[in-house]
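Top to bottom, those sequences are chains H and G. Anchor point for the first sequence: position 169 equals 168 in numbering that gives the first Met the number 0, and the numbering is continuous, going up by one each time. Anchor point for the second sequence: position 113 equals 112 in numbering that gives the first Met the number 0, and the numbering is continuous, going up by one each time.
No lab work stands behind these hints, which were simulated from the structure alone. Do not rely on the hints blindly, as some may be mistaken.
Covered stretches of chain G, as calculated for chain H (at least 3 residues, CB under 8 Å) [stated by the list, open to error]:
#	segment
1	35–48
2	51–58
3	61–73
4	78–86
5	90–98
6	103–110
A short, non-exhaustive set of chain H residues, derived as facing chain G with CB atoms under 7 Å [to be verified]:
#	residue
7	24
8	28
9	34
10	38
11	147
12	150
13	151
14	221
Here a beta-carbon is modelled for each residue, glycine too, at the ideal position from N, C-alpha and C.
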Amino acid sequence: MSNDRNNHLSDSERRAMQSAPGGTPPAGLEDRTVAALKSEGLIHTRKGGLRMKVITYAAVAAAMILSFVSGVVVTKTGPAEPSGTGVMQAQQPEATTPVAATIAGANEYMLLMIQEKGDDAGATAEMTPEEEAAYAEQYAAIVDEYRQWALDRQAEGRLVSAEKLDDAVIRLTAESKSSTLPEGRVLGGYFLIRANSLEEAEQIASTHPHIRYGGEVEIRPIDHSTGVRE
Amino acid sequence: MAGRGPMQPFPRFATPTEDMRDPQPPVDLDDRRLVEAYAKERDEDSFRALYRRHTDVIYGVVFRLLGEPSDADDVVQETWLIAARRLPEFRWESRLRTWLTAIAVNCARNRIRRRRTHEGDGPGEVTELPAPPPIDHAIDPIDMARAIDSLPNGYREVLVLHDVHGHTHDEVAEILGIATGTSKSQLARARGALRRWLGRAGGERNDVKRSQ
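Construct all of the structure, not just a fragment, from the sequences and the given hints.
Written out as structure tokens, the structure reads:
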């Protein structure tokens, strides 16, 4: 009996083992694990800083306003003035950027920026002056992060358009009309980006700070099969 | 976090699996820094960094050990809870990942014991069957996953740690609390059981009589 001769894996066996399905942790597991540790006192929550719950709807909305402001938008003819309403100008990708070359003729995906419209009032009311200063500093950093993400996508030529949605709302059904935002999930704005696949769009969306700060990004492919556009 | 996709393809080696390590194991110095920071301040950032360095791999191990249904999420969370409690006393006698994997394997074992109340841990056979040769034809990865799931717990642990995740026999021994020699003999038996299962499954699929 020569068992030693069989004492190794074949290439087929190895390949099948490596590609056996499953085994990627879901995106929410990290936050759930952190929450579990916090509830047992194994992670100390930061004092005076912005935690996910403390960031109010208003703060995130303000951050998104500034991310949708174009700043200086460079076109082929030179810097353009930001438009008065803070609308980002749609740009044709420059052929010279490395990303632009990969997304010429790519699909379009909608990134819907969603968050909970929670309780706004008095986030800073109970803070000490030191806590408030730390809060203001981190708030400014968050706004920068949101804006930088938008500018980066624009520089890559990925950004088709982006808008912040105002809070003024009319919700209309056959039975009713409402002028208030719903409790729960609220749409704050959108980005329309270019990507080659839903997976690529997901990868891009996952880098948006909105997710880390407690928001949600809904990714939807544009269905051109019935579109009005050429 | 190191890549979220399926495991990367391995280069071919002439000799067996000692060289099949998980790609880019984290530098131990970084682990030490993070563990110290976390143990001192219990701060969130250090914990998240540790989580991101090790969870992909640990989740993979746990997922393969549990089979269906998968409580891998719960087990991984449980693992980090236990690890977080014990990290201040971690003595660096082994690599951090080895230590984490040991905790994860134990949690997975407990989970399995609770649900499969009538399955034993040891091998089913009493007599030593001749070892089937390695399988050379293409294997459907789903069949492989089922085959691994069908193994008795002890065999599955050794096979997943050594063959799927590239741990050495010394590391497997440390993780499972067994002797290195035991790891080697268990692995040989595990591979044999795996091949017998795949042979039966393949035979049923192809409607061909088993050749052995």
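Which of the numbered hints above does this structure break? 5, 6, 9, 10, 11, 12, 13, 14
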